[in-house]
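Okay, here's what each chain looks like letter by letter:
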Amino acid sequence: MSILFQLIFSGISVGMIYGVIAFGYQLTFATSKTLNFGQGEALALGALVGLTAINFIFGTIWGTYIGVGWSYLLMIPLVLVFGFLQGTVVERLGVRQAITIKSEAGWIMSTIALGIIFKNLAENIWGRDGLKFPSPLPEAAMTVNLGFAEFRVQPMELAIIFGALAIMLAVEFFNRKTVFGKAVIATANDREAAGLMGINTTRVISFSYALSSLTAAFAGVLVAPITLTGATMGVVLGLKAFAVAIIGGLSSGMGVVVGGLILGITETLTGYYISSGYRDVPGLILLLLVLAIKPSGLFGRATIKKL
Amino acid sequence: MLELDNISASYGKVAVLQGISLTVPEHQLVTLIGSNGAGKTTTLRAISGMLRPQSGQILLAGEDISTLPSHLIARRGLAHSPEGRRIFPNLSVKDNLIMGAFLRLTGKRSRGDVAGDIERVFTLFPRLKERHKQLAGTLSGGEQQMLAMGRALMLNPRVLLLDEPSMGLAPKLVEEVFATIHRLKAEKITMLLVEQFAAAALEVADYGYVLENGKIALSGTAAKLRKDSAVQAAYLGGGS
Ligand SMILES: Nc1ncnc2c1ncn2[C@@H]1O[C@H](COP(=O)(O)OP(=O)(O)OP(=O)(O)O)[C@@H](O)[C@H]1O
Ligand SMILES: [Mg+2]
Numbered sequence: 001m002s003i004l005f006q007l008i009f010s011g012i013s014v015g016m017i018y019g020v021i022a023f024g025y026q027l028t029f030a031t032s033k034t035l036n037f038g039q040g041e042a043l044a045l046g047a048l049v050g051l052t053a054i055n056f057i058f059g060t061i062w063g064t065y066i067g068v069g070w071s072y073l074l075m076i077p078l079v080l081v082f083g084f085l086q087g088t089v090v091e092r093l094g095v096r097q098a099i100t101i102k103s104e105a106g107w108i109m110s111t112i113a114l115g116i117i118f119k120n121l122a123e124n125i126w127g128r129d130g131l132k133f134p135s136p137l138p139e140a141a142m143t144v145n146l147g148f149a150e151f152r153v154q155p156m157e158l159a160i161i162f163g164a165l166a167i168m169l170a171v172e173f174f175n176r177k178t179v180f181g182k183a184v185i186a187t188a189n190d191r192e193a194a195g196l197m198g199i200n201t202t203r204v205i206s207f208s209y210a211l212s213s214l215t216a217a218f219a220g221v222l223v224a225p226i227t228l229t230g231a232t233m234g235v236v237l238g239l240k241a242f243a244v245a246i247i248g249g250l251s252s253g254m255g256v257v258v259g260g261l262i263l264g265i266t267e268t269l270t271g272y273y274i275s276s277g278y279r280d281v282p283g284l285i286l287l288l289l290v291l292a293i294k295p296s297g298l299f300g301r302a303t304i305k306k307l
Numbered sequence: 308m309l310e311l312d313n314i315s316a317s318y319g320k321v322a323v324l325q326g327i328s329l330t331v332p333e334h335q336l337v338t339l340i341g342s343n344g345a346g347k348t349t350t351l352r353a354i355s356g357m358l359r360p361q362s363g364q365i366l367l368a369g370e371d372i373s374t375l376p377s378h379l380i381a382r383r384g385l386a387h388s389p390e391g392r393r394i395f396p397n398l399s400v401k402d403n404l405i406m407g408a409f410l411r412l413t414g415k416r417s418r419g420d421v422a423g424d425i426e427r428v429f430t431l432f433p434r435l436k437e438r439h440k441q442l443a444g445t446l447s448g449g450e451q452q453m454l455a456m457g458r459a460l461m462l463n464p465r466v467l468l469l470d471e472p473s474m475g476l477a478p479k480l481v482e483e484v485f486a487t488i489h490r491l492k493a494e495k496i497t498m499l500l501v502e503q504f505a506a507a508a509l510e511v512a513d514y515g516y517v518l519e520n521g522k523i524a525l526s527g528t529a530a531k532l533r534k535d536s537a538v539q540a541a542y543l544g545g546g547s
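If you read the protein sequences in the order shown, they are chains A and B.
At position 60 of the first sequence (counting the first as 1) the number is 60 in my numbering, and the numbers step up by one without a gap.
At position 141 of the second sequence (counting the first as 1) the number is 448 in my numbering, and the numbers step up by one without a gap.
Everything labelled a hint here was simulated from the structure, so no lab data went into it.
Any given hint could turn out to be false.
[Unchecked claim] Straight-line Cα separation of at most 27 Å, DSSO-like style, residue types lysine-lysine; simulated pairs:
{"hint": "1", "chain 1": "B", "residue 1": "Lys479", "chain 2": "B", "residue 2": "Lys495"}
{"hint": "2", "chain 1": "B", "residue 1": "Lys479", "chain 2": "A", "residue 2": "Lys177"}
{"hint": "3", "chain 1": "B", "residue 1": "Lys522", "chain 2": "A", "residue 2": "Lys177"}
{"hint": "4", "chain 1": "B", "residue 1": "Lys440", "chain 2": "A", "residue 2": "Lys177"}
{"hint": "5", "chain 1": "B", "residue 1": "Lys495", "chain 2": "B", "residue 2": "Lys436"}
{"hint": "6", "chain 1": "A", "residue 1": "Lys33", "chain 2": "A", "residue 2": "Lys177"}
{"hint": "7", "chain 1": "A", "residue 1": "Lys102", "chain 2": "B", "residue 2": "Lys320"}
{"hint": "8", "chain 1": "B", "residue 1": "Lys415", "chain 2": "A", "residue 2": "Lys177"}
Work out the full structure, taking the sequences as your base and the hints as a guide.
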């Protein structure tokens with residue numbers, strides 16, 4: 001019983017990461033029917049920039065007073081700004097032209113290419129080895145007692161769950177409550193009509209790419225303390241999140257969270273009860289099932305054909 | 308206020324507009340009538356930047372807007388209630404109206420009294436007020452039509468383009484829409500109106516153009532067009 005809870009809890013934490021990355025796919029897909037296949041690299045870059053930033057902050061003379069925890073918190077805004085800018089670069093170089101000429105596949109190639117370039121760039125700056133990211137929270141597991149079950153959780157796993165929820169809620173709040181956020185929804189609903197309202201929809205799309213990379217970069221610094229940080233750390237995460245985006249649907253924030261949790265939990269359960277070698281299988285089966293049952297895809301007919 | 312000079316436009320290779328010239332003077336209501344497929348919607352789309360014309364000029368208050376994207380044309384004070392309503396289904400009724408006032412709320416056009424103008428739209432269309440929290444996608448077709456018109460008004464436009472505002476409405480609501488148009492006319496809003504009910508359109512308009520196969524076939528004061536025998540035969544015969 002206890003081990004089951006423990007596995008589910010780990011699954012939730014992994015699943016929230018998938019969910020946040022998939023949420024990023026969904027942000028740009030809503031406004032532009034395109035997405036950044038270099039999302040995993042955006043995550044890795046965010047984590048690496050975060051690593052440099054936290055080491056810098058902690059290395060200053062105040063470092064010893066504020067500790068790793070505060071250094072981590074101070075690093076986050078820098079990473080968010082970096083992710084935001086990185087996203088606008090991806091949109092400008094990889095996507096805008098494809099949208100303008102209504103190329104159905106151009107953006108796929110160009111975002112993959114940009115991802116590779118970013119990965120190479122990261123390898124040249126930070127090297128090819130996995131780096132240790134200082135943990136802002138104690139690394140020792142805490143014991144959680146639910147009365148009928150007792151299990152151990154790493155504080156950072158909890159932080160991942162809350163951090164992921166917080167960033168998604170912040171973006172949703174922005175979209176629902178502010179005039180600019182409503183303009184994002186309007187653009188997603190009907191780009192031409194949004195233009196008639198005076199909304200610069202090219203800017204909105206650029207902004208959605210910025211937000212998408214921002215969430216990925218944030219996901220990067222969330223997972224970094226419990227994994228190794230490096231240029232390739234986002235490759236598998238990005239792919240799994242893509243599966244989540246298809247399982248959960250690219251149209252609702254709720255869908256990607258649920259999709260992420262389903263994938264995360266089935267993975268940890270399979271890894272423990274069957275074999276860690278089969279960890280990735282149930283997720284893929286789920287993906288194939290979704291594609292088989294909804295052949296048009298939760299992704300929209302035109303796009304899936306091209307993929 | 309709005310002037311089209313020899314505008315041509317096409318979808319792909321198919322030429323749809325072949326040299327349209329028309330003028331909408333300030334404070335006047337001009338109507339564009341023509342049979343299905345004549346190019347009325349295309350004309351309005353060219354004006355609001357949804358479609359880039361191939362040649363010709365479109366002057367709004369003396370400035371050429373024919374190469375500008377929609378959002379910059381809106382900034383110059385042109386509102387377009389497009390064919391097919393095109394409301395934002397995932398936003399509430401009220402948020403759709405707020406989007407109509409986007410430029411005023413973001414400082415690109417003078418703000419004025421946005422809340423008061425929302426109330427004014429609600430006075431024009433009380434059904435919208437009852438449903439202001441509802442998602443616009445769940446409104447009936449007629450309600451969506453009212454919302455599209457109200458949303459366009461929220462810009463406080465210098466020029467308002469209306470593409471078949473009565474489409475799909477019950478007769479009672481068609482009357483209401485025309486009553487609204489009369490009221491807007493009394494407020495001296497400059498309007499270009501495309502309507503399937505040509506008789507009613509010529510009733511309220513100051514001036515009219517008849518579009519046939521992408522060309523202006525006939526134009527004149529609304530009073531004159533109402534009496535024209537060709538217009539009567541083609542567009543007014545037995546109609547409303
Ligand atoms: N997106 C498009 N692609 C190709 N052809 C189009 C497109 N939109 C309109 N057309 C064609 O252009 C011509 C003019 O269409 P338009 O919509 O301007 O007509 P309309 O006068 O508004 O007609 P209606 O009264 O039916 O609304 C038609 O022949 C139509 O088939
Ligand atoms: Mg039409």
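Structure-based check of each hint:
1. B:Lys479 with B:Lys495: The given pair, whose Cα atoms are some 25 Å apart, holds under the 27 Å limit.
2. B:Lys479 with A:Lys177: violated (36 Å)
3. B:Lys522 with A:Lys177: Since the Cα atoms of lysine 522 of chain B and lysine 177 of chain A sit roughly 46 Å apart, the hinted pair is violated (cutoff 27 Å).
4. B:Lys440 with A:Lys177: Roughly 13 Å between the alpha carbons, so the hint for lysine 440 of chain B and lysine 177 of chain A holds.
5. B:Lys495 with B:Lys436: Distance ~25 Å between lysine 495 of chain B and lysine 436 of chain B Cα, so the pair holds.
6. A:Lys33 with A:Lys177: Answer holds: lysine 33 of chain A to lysine 177 of chain A is near 23 Å, not above 27 Å.
7. A:Lys102 with B:Lys320: The given pair, whose Cα atoms are some 17 Å apart, holds under the 27 Å limit.
8. B:Lys415 with A:Lys177: holds (20 Å)
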